[in-house]
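Asker: Take these sequences, add in the hints, and give me the full structure.
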Amino acid sequence: MTTTMSCDDTAQVVVRLDDDAPWMSKASTSEGDESVEMGENTDSDANELGRRARVEECVRDILHGLGEDVAREGLLDTPKRVAKALTFAMRGYGASATAALGTALFHEENLASANASVSESADALANGTHDIVLVRDIPVFSTCAKTFMPFYGVIHVGYVPKDGVIVGLSKLARVAEVYARRLQTPSALTMDVAQALHDVASPLGVGVAFTGMQLGPFAPRKLEGRASTGCFATTNSVWWHEFQAMVALGGEPSDLSRGVWGDMCGVCDDGANADAAFVVNTSSASDGAEAAVDATATQAANDTNEAVYNGVLRLLCTLDLNTRVHEATGGKMTAEDTARRFSSLLAAMRSGNLVPFSRIEESARGDARDASSMENDFVDGEVRVMSDLHMSTVCEHHLLPFHGTVSVAYCSTTAVTLSRDTLQALVSRHSRRLQVQERLTRDVAEEVYALTGGVGVMVAARAAHLCMVSRGVEKPGSSTCTVTKLGRFACEPKLRSEVWERLI
Numbered sequence: 001m002t003t004t005m006s007c008d009d010t011a012q013v014v015v016r017l018d019d020d021a022p023w024m025s026k027a028s029t030s031e032g033d034e035s036v037e038m039g040e041n042t043d044s045d046a047n048e049l050g051r052r053a054r055v056e057e058c059v060r061d062i063l064h065g066l067g068e069d070v071a072r073e074g075l076l077d078t079p080k081r082v083a084k085a086l087t088f089a090m091r092g093y094g095a096s097a098t099a100a101l102g103t104a105l106f107h108e109e110n111l112a113s114a115n116a117s118v119s120e121s122a123d124a125l126a127n128g129t130h131d132i133v134l135v136r137d138i139p140v141f142s143t144c145a146k147t148f149m150p151f152y153g154v155i156h157v158g159y160v161p162k163d164g165v166i167v168g169l170s171k172l173a174r175v176a177e178v179y180a181r182r183l184q185t186p187s188a189l190t191m192d193v194a195q196a197l198h199d200v201a202s203p204l205g206v207g208v209a210f211t212g213m214q215l216g217p218f219a220p221r222k223l224e225g226r227a228s229t230g231c232f233a234t235t236n237s238v239w240w241h242e243f244q245a246m247v248a249l250g251g252e253p254s255d256l257s258r259g260v261w262g263d264m265c266g267v268c269d270d271g272a273n274a275d276a277a278f279v280v281n282t283s284s285a286s287d288g289a290e291a292a293v294d295a296t297a298t299q300a301a302n303d304t305n306e307a308v309y310n311g312v313l314r315l316l317c318t319l320d321l322n323t324r325v326h327e328a329t330g331g332k333m334t335a336e337d338t339a340r341r342f343s344s345l346l347a348a349m350r351s352g353n354l355v356p357f358s359r360i361e362e363s364a365r366g367d368a369r370d371a372s373s374m375e376n377d378f379v380d381g382e383v384r385v386m387s388d389l390h391m392s393t394v395c396e397h398h399l400l401p402f403h404g405t406v407s408v409a410y411c412s413t414t415a416v417t418l419s420r421d422t423l424q425a426l427v428s429r430h431s432r433r434l435q436v437q438e439r440l441t442r443d444v445a446e447e448v449y450a451l452t453g454g455v456g457v458m459v460a461a462r463a464a465h466l467c468m469v470s471r472g473v474e475k476p477g478s479s480t481c482t483v484t485k486l487g488r489f490a491c492e493p494k495l496r497s498e499v500w501e502r503l504i
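So that you can map any letter, position 288 of the sequence shown is 288 in full-length UniProt numbering, and since no number is skipped, the others follow by simple counting.
To be clear, the hints were calculated from the coordinates, so they are not data collected in a lab. Bear in mind that the values here come from a model prediction, so they are computed numbers and not experimental data. Careful: at least some of the hints might be erroneous.
The calculated BS3-like cross-link candidates involving lysine-lysine, where the alpha carbons are at most 30 Å apart (straight line), are [said to hold, decoys possible]:
| # | residue 1 | residue 2 |
| --- | --- | --- |
| 1 | K146 | K171 |
| 2 | K146 | K222 |
| 3 | K222 | K171 |
| 4 | K494 | K332 |
| 5 | K332 | K485 |
| 6 | K80 | K146 |
Answerer: Now the structure itself:
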């Protein structure tokens with residue numbers, strides 16, 4: 001049964017600066033990074049504090065609906081942290097492109113003189129005669145209007161100056177930030193940025209491209225968006241070819257499949273180190289352990305949890321986002337649709353709690369029967385290594401995803417061999433729950449230790465945390481590494497060193 005809810009309008013806080021959402025006070029900015037000057041309206045202050053309290057209450061209800069103990073230490077302050085993170089994620093609604101660009105429009109005489117000698121006829125524009133300015137690889141973090149899940153990537157903003165008018169380069173990044181800190185889709189984000197620059201700077205044309213990752217309970221999904229105005233908008237435009245060439249200038253194309261902005265935010269080598277040093281089982285049988293873990297997540301997502309759905313819908317309404325969903329999706333979706341999707345994804349992200357360890361043990365027994373058909377690698381003739389097991393989970397402190405890879409090394413007195421399918425299922429079992437990386441690393445190590453007879457296990461995890469790179473200290477490209485050592489690996493540095501050599 002679906003419950004119909006209404007969203008009451010609430011008073012807005014007056015904010016003088018353009019960096020923050022209209023309902024945000026200085027106390028509600030992330031980690032105090034951005035200060036906001038408030039008016040003397042104590043009523044508005046009181047309204048904002050009341051709104052903050054309601055947001056926190058919504059988060060508690062969502063956690064309770066998911067079956068979490070909201071009184072345990074790891075979750076005790078989560079509602080407060082989530083409210084602060086959402087404040088930061090939505091602060092673009094209090095900003096405008098005009099304010100972001102400010103007075104950073106400059107008249108370059110040499111450029112104006114050069115352009116004056118070039119016709120703005122259709123032929124001249126079709127030939128791409130004019131100069132182009134491009135700022136590429138601007139990191140952006142946004143929130144999907146369709147799922148309320150974060151997505152991130154890089155955006156490239158290019159334009160063709162008219163009459164010698166150029167834009168301060170940092171302001172292009174600021175405009176991208178203004179529109180990213182809202183409910184968005186990749187297409188809407190690029191169009192908003194392109195149209196804003198076109199309206200304020202009046203160039204001959206604007207081209208904007210985005211490539212990034214959508215996060216969720218499964219492996220990140222690649223996203224792309226593109227928008228253009230003026231000369232960039234013509235069919236088969238030579239401007240786009242030049243735009244793409246400029247994006248690629250300096251070596252490799254700006255493709256999120258590699259590099260610091262690569263798959264898994266740079267923490268997945270994507271097979272780059274795959275050689276004889278690693279055990280690789282590429283089988284993906286539909287009845288394997290990982291398939292069973294995925295099936296559990298799918299079932300959890302399909303099972304309706306009205307308590308979670310109602311909590312999410314109240315959260316969207318409390319944040320005044322009920323109409324924003326409709327705007328960001330071009331009228332295709334409502335807040336109720338987004339709330340339904342987000343509540344389903346939350347259920348999937350906790351589904352690891354529904355997978356018993358006995359399912360992993362069963363898969364390990366199957367590995368023992370099929371061991372002769374597996375490719376194995378040994379360190380000192382007895383240690384097996386498996387690298388780059390994908391991990392996609394949610395930080396229990398901020399309810400923001402972190403994702404990356406896990407590598408496992410183990411030794412045994414018996415001929416125990418664990419397949420990639422079994423180890424991936426084990427990692428996914430612990431990934432699909434509210435987590436911290438330190439706990440996940442140790443939990444995986446302890447279960448591998450149990451499966452292999454308790455001789456020695458080393459687990460190394462490397463992940464990018466959205467709570468660290470998209471808000472607060474905002475350190476894109478940073479990653480967190482954790483390692484747990486049990487048995488022989490805890491007391492034999494030489495053995496660990498040999499494993500590290502395989503993994504680096």
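Asker: Does each hint fit the structure? Answer for all of them.
Answerer: These are the hints, each one checked on the structure:
Simply put, K146 and K171 have alpha-carbon atoms about 28 Å apart, close enough for the 30 Å limit, and the pair holds. At roughly 16 Å between alpha-carbon atoms, K146 and K222 fall within 30 Å of each other, so this suggested pair holds. At roughly 27 Å between alpha-carbon atoms, K222 and K171 fall within 30 Å of each other, so this suggested pair holds. Restraint check for K494 and K332: the C-alpha separation of about 59 Å exceeds 30 Å, so the hint is violated.
For the hint pairing K332 with K485, the CA-to-CA distance comes to about 50 Å; that exceeds 30 Å, so the pair is violated. Restraint check: the Cα-Cα separation between K80 and K146 comes to about 24 Å, which is no more than 30 Å; the hinted pair holds.
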